[in-house]
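There are 6 protein chains.
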Amino acid sequence: MTTNPDAAGPAQHDIDSPDNIARRDRGLAVLSRIDGHQGEAVIDSLADISPALGHHVAAFAFGDIYDRPGLDPCSRQLVTIGVLTALGGCEPQLKVHIGAALNVGLGREEITEAILHAAVYAGFPRALNATFVAREVFAGRDVH
Amino acid sequence: MTTNPDAAGPAQHDIDSPDNIARRDRGLAVLSRIDGHQGEAVIDSLADISPALGHHVAAFAFGDIYDRPGLDPCSRQLVTIGVLTALGGCEPQLKVHIGAALNVGLGREEITEAILHAAVYAGFPRALNATFVAREVFAGRDVH
Amino acid sequence: MTTNPDAAGPAQHDIDSPDNIARRDRGLAVLSRIDGHQGEAVIDSLADISPALGHHVAAFAFGDIYDRPGLDPCSRQLVTIGVLTALGGCEPQLKVHIGAALNVGLGREEITEAILHAAVYAGFPRALNATFVAREVFAGRDVH
Amino acid sequence: MTTNPDAAGPAQHDIDSPDNIARRDRGLAVLSRIDGHQGEAVIDSLADISPALGHHVAAFAFGDIYDRPGLDPCSRQLVTIGVLTALGGCEPQLKVHIGAALNVGLGREEITEAILHAAVYAGFPRALNATFVAREVFAGRDVH
Amino acid sequence: MTTNPDAAGPAQHDIDSPDNIARRDRGLAVLSRIDGHQGEAVIDSLADISPALGHHVAAFAFGDIYDRPGLDPCSRQLVTIGVLTALGGCEPQLKVHIGAALNVGLGREEITEAILHAAVYAGFPRALNATFVAREVFAGRDVH
Amino acid sequence: MTTNPDAAGPAQHDIDSPDNIARRDRGLAVLSRIDGHQGEAVIDSLADISPALGHHVAAFAFGDIYDRPGLDPCSRQLVTIGVLTALGGCEPQLKVHIGAALNVGLGREEITEAILHAAVYAGFPRALNATFVAREVFAGRDVH
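First to last, the protein sequences are chains Y, B, V, E, P and U.
Residue numbering for the first sequence is 3 to 146, as defined by my numbering.
Residue numbering for the second sequence is 3 to 146, as defined by my numbering.
Residue numbering for the third sequence is 3 to 146, as defined by my numbering.
Residue numbering for the fourth sequence is 3 to 146, as defined by my numbering.
Residue numbering for the fifth sequence is 3 to 146, as defined by my numbering.
Residue numbering for the sixth sequence is 3 to 146, as defined by my numbering.
Excised from the complex, chain Y in its bound form (with noise of 0.2 Å):
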C-alpha cells in the first residue's frame, strides 16, 4: 500500500495514481449504471479542458457519495431534483438528472409532482424552468 500521506508513492492529487483511477472507474461504473452514456459524455467533454474536474464528478460524486447504501437511487434523484430546481441556472444538470431519474425507476408523473412540490420552497419560475427541462427529456424518450 502506498496512499499513506508519509510514504513516498503518488500524491493524493494526482488524478492518474492507481488508486485514484480505480475510485474514477468505479464511478464511471456507477454513472453508467444510472446514466447510461449521458453522464460519461459529460465527463469526456471536460477531457480537455478541467480534467481534474471530470475526475472529481466521477470518483467523488459517483463514486464515493452515489454509491453509498444509506438512500436508494430513487431517493438520491428526488434529492438532486430538488437541489437542482431550486439552484436555478443549472439546466443542463437538470437534464440529465431528469434522465437518470427515468433510468433508476422515476415515473414521469413522480418527476414532474417533485418539481411542483419544490415550487412552494423554491417559488414558480424555478419550477416552471424545471418543468420545461422534464417536457424535453420525456419528448426525446419519446423518440427513441
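Listed below are the simulated SDA-like cross-link pairs for lysine to any residue, each with C-alpha atoms no more than 25 Å apart in a straight line:
id, chain 1, residue 1, chain 2, residue 2
1, E, Lys97, V, Cys76
2, B, Lys97, B, Ser47
3, U, Lys97, E, Ser47
Rather than coming from a laboratory, the hints here were simulated on the basis of the structure.
Based on these hints, arrange chains B, V, E, P and U on the given structure of chain Y.
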C-alpha cells in the same frame, strides 16, 4: 355554488370566505398530521402580522400541494430537504421539515444521507448548515 | 357546499373540481387582464407535461395573490421585477413580467430604473441580464 | 477641475478626496432622510473595518442611485424588499429597509403584502423569514 | 468646484455632469486596459436601454473599485470568478471576466483550477457551467 | 492493491477502509496546516451526526482539492471568500475561511478589499454580512 367569479359571492382573495376557510382547514389537518404542533405554531405566529401568508401556507402549500396523491410523504420530504438545503438561510424551515421527515417515517440516517448527497450539487457549506440543523432536531427528539 | 373536507365532495387536490375550475378561471381572467395572451400561453404550454403546475400558477399566483387589494398592480410588478432580477436564471419569467409591467402602466424608464436600483442589492451581473431582457421586450413592442 | 484622469489631482479611488467626500456627504444626506439614524449607524460601524465599503454604500448606493429621479422612494423600497426577500440571508438589511419603507410612506399592510407577493416567485421560506423581520420592525415602532 | 451638494452645480445623479463624465472616462480606461474591447462593447450595448447602468458599471465598478490599490488585478479576477461561479446564471459576465483574467496574467490552468476549487463550496453544477464558459473563451483565443 | 472495484476489498464508500483513512488523514493534515484547530473542530463536531460528511470535507475538500498544486493557498482563499460571500448564509464557513486566509498569508486589508470587490458582483448586502464576519475574526485575533 357561489365561487363563480362573475357571481356576487365573496371574492376569491377573501381568506375568510367559507370556501377559503374550508381550504385552510384541510391544509391545517394535513399540516398537523405531518408536523404535529410545530407547523401550526408557525401559522399561529403569523396571525398578527400577515394572516394571509399563514392562510396560504396552510391552504395552498399543505392543502393544495402536499396532499396530492402523486408522491408519498417521504418522497416529498426528500425533495423539501433538497430544496431547503440548496436555498440556504432557511434554517427555521429546515428545522420544521426535518422534524416532519422523521414524523412521516424517514430515518435519521436517511436524512443526513440526503443532506450529504445535496453537498455534491449545492456545495459543502450548505450541507454543513443543514446537518447542524438535523443535529438540533434529533437532539430535541432524544430529550422528549 | 361540498368543499367541507369531511364531506363526500371532490378532493381539494382535484384540480378539475368545480371549485378549482372556478378558482383557475378567476386567475386566468386576472392573468389575461395583465399579461394579454403571453401568460396564458405559458399555462397552455404546461397542459401536456404538468397541468397541476399550470393550474396553480393561474389559481394561486394570479387568482389568490395577484388579485388581492392590498397592493396595486404597478407595485406588484416592481416587487416581481426585484425578485426575478435577484433570483437570476428567470429570464423567461422576467420577459413575461416586464411585458406585464408595461401593460399595467409602468413606464420603460421606471422599469430600467427599478433594475438599476436592484443592482445595488443583487449585483451588476443580475442587473445586466435583466436589462437585456427589458431591451428585448421593449423592442418587441416597437415592432407591434 | 482636477478630476480629469490625466491630471495631477487626487486619484478617483481616494475616498477622502474633496470630490468623494462631497459624493459621500450627499449620500449620507439621502440616507439620513430615509433611514434616520439606522442607516448611518451601519456606515459608522464600518469605519474601523472597511471604510471604503462604508463610503461606497453612502456615495454610490444612496448618493448616486437612490437619489435618482426616475423612481419615487416608495417604489424603490418595494423593489428593495423584493430583492432582499429573494436573496435570503439579508435579514439585517431587510430590517433597515423595512424601517426605511415605513419612513418613506409605505403602510405596514403594503409591506407584508409585498412580501406575500414575493412568496409566489421566491418561495414561502424566504417570505416567512422576511415577514418575521417585518414583525420585529413593526414591534420596535410600537414601543417608540 | 461645483460638486458641493448645497451648491447650484449639476446634481450628483446627472451622469453627464463633468464630474461624472470624468469618473466614467477613468473607469472606461481601466475597463479597456483589462478587457480590451469586450467590456466596452457591453457598456455601448446599454446606451439605448439603460445608459445609467452603463455609466455605473464603468464609473463605479471599474473606476471606483477595480482600480483601488489594495488588491492586484489577478487577485481581483480570482474573487470575481469565485463570485460569478457561485451566483450561477452569469455566463455572459463569466465570459468577459475569464477573458479579463487571461488579459491580466492568470494562466488557463489557474482559471480552471479556481473553478474546480469553487466546486467544493458552490457545488459541481455551478463549476461545470463555469468550466464550459472557460472552454469557450480559451477556444476563442486559439482562433485569434 | 485491493481498490480495484471488481476485487473483494473494502467498498469505496466505506469511509473507514485503509485507503479512505489515508485520504482523510492527508486532508486533516492540510486542514490543520491552514486552519489550525478551527477546521478540525468542525470535522469533530460532525462525528456523532454525519461522520461521512466530516470524512468528505477532510478527504475530498482538503485532501483532494485544496492540496492540488495548480493554485497557491492565498489564491484559493480569495476564490473561497468570493464564493462564500456570494452564496450568503455561510457566515460560519466564512469565519473559518477568513481565519484560514490570515493563516496562509493574506493581509486584513486584502481580505476586506476582496469582499468590497465582491460587492460589485454579488451586491452590497452580501458584502456587508461578510465584512462583519471579517471584523469578528480580526477582533478574535487581536485578543489572542
